[in-house]
Amino acid sequence: MAVLEIKGICYAYEKGRTVLQNVNTEFEAGKMYAILGPSGSGKTTLLSLIGGLDTPQKGEILFDGENITQCGLVAHRRNHVSLIFQSYNLIDYMTPIENVALTAKKDALPMLLRLGLTAGEAKRNVMKLSGGQRQRVAIARALASDTPVILADEPTGNLDEDTAGEIAGILKESAHELDKCVIVVTHSNKLAEKADVVLYLKRGSLHMA
Amino acid sequence: MGTIRRAYLYVTRKKGKSILLFFILLIMATFVLVGLSTQKVSQEEQKNLREALGGEFHITVEFSESNPYFRKTNDGEGNVELWTELPITQDVIDAVMSIDGMKSYDAETKTFVSTTLDVFPGNVPMKAEFNNLLYARTVADTENSSFFQSGIAKLIEGNHITGNESNAAVISKDLADANNLGLGSFITLRADRAADVKIIGIYEILKPDSPLANIVTYEKAENQIFTDINTLQNLLGNKQAGFDSVAFTVYDPAQFDRIISEVNGLSSVDWRAFTVTANNQTYLDAAAPLQKLQALMSSVIWVIVLVSTAVLSLILALWGRSRIHETGVFLSLGIGKAGIIGQYLAEVLMIAVIAFGCSYFTGSAVAGRIADGLLQQDISDNEGQIKNDVVFDVKEGYGDDIVVNIKDDSALSDMPADQGTAPEVEVLTDRAEADTEQISVTVDFYNMLKLCLIGIIVISFSVGVSSLSVMRLNPREILSKMS
Chain U
1 MAVLEIKGIC
11 YAYEKGRTVL
21 QNVNTEFEAG
31 KMYAILGPSG
41 SGKTTLLSLI
51 GGLDTPQKGE
61 ILFDGENITQ
71 CGLVAHRRNH
81 VSLIFQSYNL
91 IDYMTPIENV
101 ALTAKKDALP
111 MLLRLGLTAG
121 EAKRNVMKLS
131 GGQRQRVAIA
141 RALASDTPVI
151 LADEPTGNLD
161 EDTAGEIAGI
171 LKESAHELDK
181 CVIVVTHSNK
191 LAEKADVVLY
201 LKRGSLHMA
Chain A
1 MGTIRRAYLY
11 VTRKKGKSIL
21 LFFILLIMAT
31 FVLVGLSTQK
41 VSQEEQKNLR
51 EALGGEFHIT
61 VEFSESNPYF
71 RKTNDGEGNV
81 ELWTELPITQ
91 DVIDAVMSID
101 GMKSYDAETK
111 TFVSTTLDVF
121 PGNVPMKAEF
131 NNLLYARTVA
141 DTENSSFFQS
151 GIAKLIEGNH
161 ITGNESNAAV
171 ISKDLADANN
181 LGLGSFITLR
191 ADRAADVKII
201 GIYEILKPDS
211 PLANIVTYEK
221 AENQIFTDIN
231 TLQNLLGNKQ
241 AGFDSVAFTV
251 YDPAQFDRII
261 SEVNGLSSVD
271 WRAFTVTANN
281 QTYLDAAAPL
291 QKLQALMSSV
301 IWVIVLVSTA
311 VLSLILALWG
321 RSRIHETGVF
331 LSLGIGKAGI
341 IGQYLAEVLM
351 IAVIAFGCSY
361 FTGSAVAGRI
371 ADGLLQQDIS
381 DNEGQIKNDV
391 VFDVKEGYGD
401 DIVVNIKDDS
411 ALSDMPADQG
421 TAPEVEVLTD
431 RAEADTEQIS
441 VTVDFYNMLK
451 LCLIGIIVIS
461 FSVGVSSLSV
471 MRLNPREILS
481 KMS
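As they're listed, the protein sequences go chains U and A. Straight run, no breaks: the first sequence in my numbering ends on number 209. Straight run, no breaks: the second sequence in my numbering ends on number 483.
Take these hints with a grain of salt, some might be off.
To be verified - The calculated DSS-like cross-link candidates involving lysine-lysine, where the alpha carbons are at most 30 Å apart (straight line), are:
{"no.": "1", "chain 1": "A", "residue 1": "207", "chain 2": "U", "residue 2": "105"}
{"no.": "2", "chain 1": "U", "residue 1": "106", "chain 2": "A", "residue 2": "14"}
{"no.": "3", "chain 1": "U", "residue 1": "128", "chain 2": "A", "residue 2": "15"}
{"no.": "4", "chain 1": "U", "residue 1": "58", "chain 2": "A", "residue 2": "14"}
{"no.": "5", "chain 1": "U", "residue 1": "7", "chain 2": "A", "residue 2": "15"}
{"no.": "6", "chain 1": "U", "residue 1": "202", "chain 2": "U", "residue 2": "7"}
{"no.": "7", "chain 1": "A", "residue 1": "337", "chain 2": "U", "residue 2": "128"}
{"no.": "8", "chain 1": "U", "residue 1": "105", "chain 2": "A", "residue 2": "14"}
{"no.": "9", "chain 1": "A", "residue 1": "337", "chain 2": "U", "residue 2": "123"}
{"no.": "10", "chain 1": "A", "residue 1": "14", "chain 2": "U", "residue 2": "123"}
Bear in mind the hints are in silico, worked out from the structure with no lab data behind them.
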């Protein structure tokens with residue numbers, strides 16, 4: 001059963017440029033989705049709409065059959081989705097443990113250890129960690145929040161090839177082992193190859209690759 | 001993670017900003033506290049001053065043709081007697097004293113009486129017929145009479161006249177000794193009629209008349225005979241006995257205008273017969289610097305609050321711009337805008353708690369110096385003005401502890417050096433002067449409480465204003481700005 005449904009959403013910027021035109025699709029739990037598309041095709045916009053960071057001008061997004069605006073976008077962001085960004089978006093004055101604890105419904109340290117950080121690294125300031133380590137912290141934060149949907153926007157964009165591969169593995173593992181619905185927006189074909197379902201966004205419409 | 005925990009982490013991890021904000025808040029709090037403390041002290045000192053000075057007004061019989069009860073009799077030998085058919089009675093006094101805020105009164109009528117006593121002659125030559133004339137000073141109560149209240153004399157034997165006596169007298173020890181009189185002795189006083197009065201009290205003169213002063217026989221302190229109202233009635237015969245003037249004292253000069261207004265509004269009193277003279281100038285002069293300072297401090301507090309709000313808003317707005325990223329992350333994590341503003345507010349309040357606590361010490365130190373200096377400066381200026389008016393301070397006469405403020409000192413320059421008769425005078429007690437000289441400004445609990453309230457309002461407003469621009473954006477706009 002679909003955990004997320006997108007029904008006929010349209011989105012245009014103020015200047016009149018339409019980026020999403022009647023997009024319809026469904027996302028299921030336990031699968032990793034990759035959304036590919038050229039720059040400016042609206043991938044990040046679509047992710048923002050799914051993540052409740054913005055609202056579409058037309059159409060609706062349903063979580064477990066309920067329009068996300070019904071329960072409120074803040075509650076949707078808090079309880080239904082977790083976001084992972086290319087630039088990690090960690091709070092710079094906190095340690096990894098504290099960053100994870102921001103939204104954690106689970107203990108932060110085991111999650112960080114599971115994702116490959118040492119106990120010492122988990123207590124350092126996040127700004128003293130490498131890019132890969134920071135992205136692991138961001139993923140740990142998403143996983144610890146225990147939301148059914150994880151949205152990742154170019155999660156490997158700033159990482160080297162090996163680390164990117166590891167992160168992709170972690171995301172896929174999260175989908176399969178933790179029964180999460182992982183939606184990744186990426187330019188990377190290598191990351192897309194790891195996905196169970198690959199979607200292609202072109203001229204405002206979403207197509208199966 | 002809760003709002004307070006996030007705020008705590010920010011405050012403790014961003015030490016530079018926290019320390020800077022601490023000093024900004026400390027300076028603001030110190031100034032506000034100085035203003036509040038000085039304002040409060042000014043209010044308290046005004047209250048103390050009012051209590052110390054009291055306030056006085058006089059009701060006197062109107063000895064003019066405008067008084068329908070005014071009478072003038074001429075004995076055909078050039079002696080004119082002025083009197084009234086409606087003197088100030090105890091009913092009038094009681095009506096005035098029933099007004100809220102009245103403290104006490106000193107009622108008196110001076111009546112010339114002739115006696116057979118050996119009196120103490122004055123140094124001003126008079127007609128022979130006046131040589132044996134004395135004042136029968138009819139008072140409602142000798143103890144509250146200015147003669148005794150000002151410390152000129154003190155009762156050493158017997159009792160005071162309290163208003164319940166009949167044909168009673170209180171005389172000086174000197175007069176009693178000179179005439180072999182004592183408690184229980186009778187003396188005869190003669191005005192329109194003769195009255196035998198019994199001596200019930202003897203007073204001792206503590207402040208003798210100045211040997212330099214020109215004093216007539218009946219004014220000499222040794223010759224004053226105090227009697228009760230019934231004696232006066234006996235002396236006057238058919239004329240109605242009462243008081244010529246009554247000095248009323250009020251507790252709080254700040255209530256002066258209201259009381260005077262109520263006095264003038266007393267319907268039970270026929271005001272055609274009397275004049276009310278109010279003089280609150282002593283209090284106004286003494287309170288002026290304190291009132292000026294209080295007004296100044298109110299303005300200063302407002303300026304400090306407004307400047308503090310502006311500075312704090314500006315700083316927080318500038319810092320807020322550098323926290324757009326953080327705000328966007330919090331929003332993307334599902335933390336509501338209220339929670340984020342709550343965190344920013346909690347951060348400033350946490351620092352403010354410490355800054356306000358420290359401001360108790362800095363405020364006390366600064367208030368003690370600056371405000372005291374301001375107060376003393378104002379008081380010195382005022383005293384300088386008063387002292388310019390003071391021509392003499394009577395050291396050996398009645399007033400060795402009173403400062404005499406002469407309203408018209410030009411009158412003295414026209415007087416011979418050996419004549420000390422004063423023009424219109426008013427008395428400023430040393431107590432009032434001492435009270436204002438010993439002002440100290442301290443910070444107390446209520447000032448701290450006020451500071452906290454002002455601080456919370458200023459901080460809340462500043463945080464709200466500084467967060468407005470960021471909070472108006474939706475999360476996606478913020479994240480776009482971040483990238």
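Going down the list of hints, with the structure as the test:
1. Between residue 207 (chain A) and residue 105 (chain U) the CA atoms are separated by roughly 90 Å; this puts the pair beyond 30 Å, and the hint is violated.
2. Between residue 106 (chain U) and residue 14 (chain A) the alpha-carbon distance is near 27 Å, which keeps this suggested pair within the 30 Å criterion.
3. For the hint linking residue 128 (chain U) to residue 15 (chain A), the alpha-carbon distance of about 18 Å falls within 30 Å, and the restraint holds.
4. With a C-alpha separation of about 43 Å, the suggested pairing of residue 58 (chain U) with residue 14 (chain A) is violated against the 30 Å cut-off.
5. Distance hint between residue 7 (chain U) and residue 15 (chain A) is unfulfilled; the C-alpha atoms sit about 49 Å from each other, more than 30 Å.
6. For the given pair, residue 202 (chain U) sits about 17 Å from residue 7 (chain U) by alpha-carbon distance, which is consistent with the 30 Å threshold.
7. With a C-alpha separation of about 29 Å, the suggested pairing of residue 337 (chain A) with residue 128 (chain U) holds against the 30 Å cut-off.
8. Distance restraint check for residue 105 (chain U) and residue 14 (chain A): the Cα-Cα separation of roughly 27 Å lies within the 30 Å cut-off, and the hinted pair is therefore satisfied.
9. Of the supplied pair hints, the one linking residue 337 (chain A) and residue 123 (chain U) holds, its CA atoms being roughly 28 Å apart against a limit of 30 Å.
10. Proposed proximity of residue 14 (chain A) and residue 123 (chain U) is supported: the alpha carbons are some 17 Å apart, at most 30 Å.
The structure fails to meet hints 1, 4, 5 from the earlier list, while all remaining hints are met.
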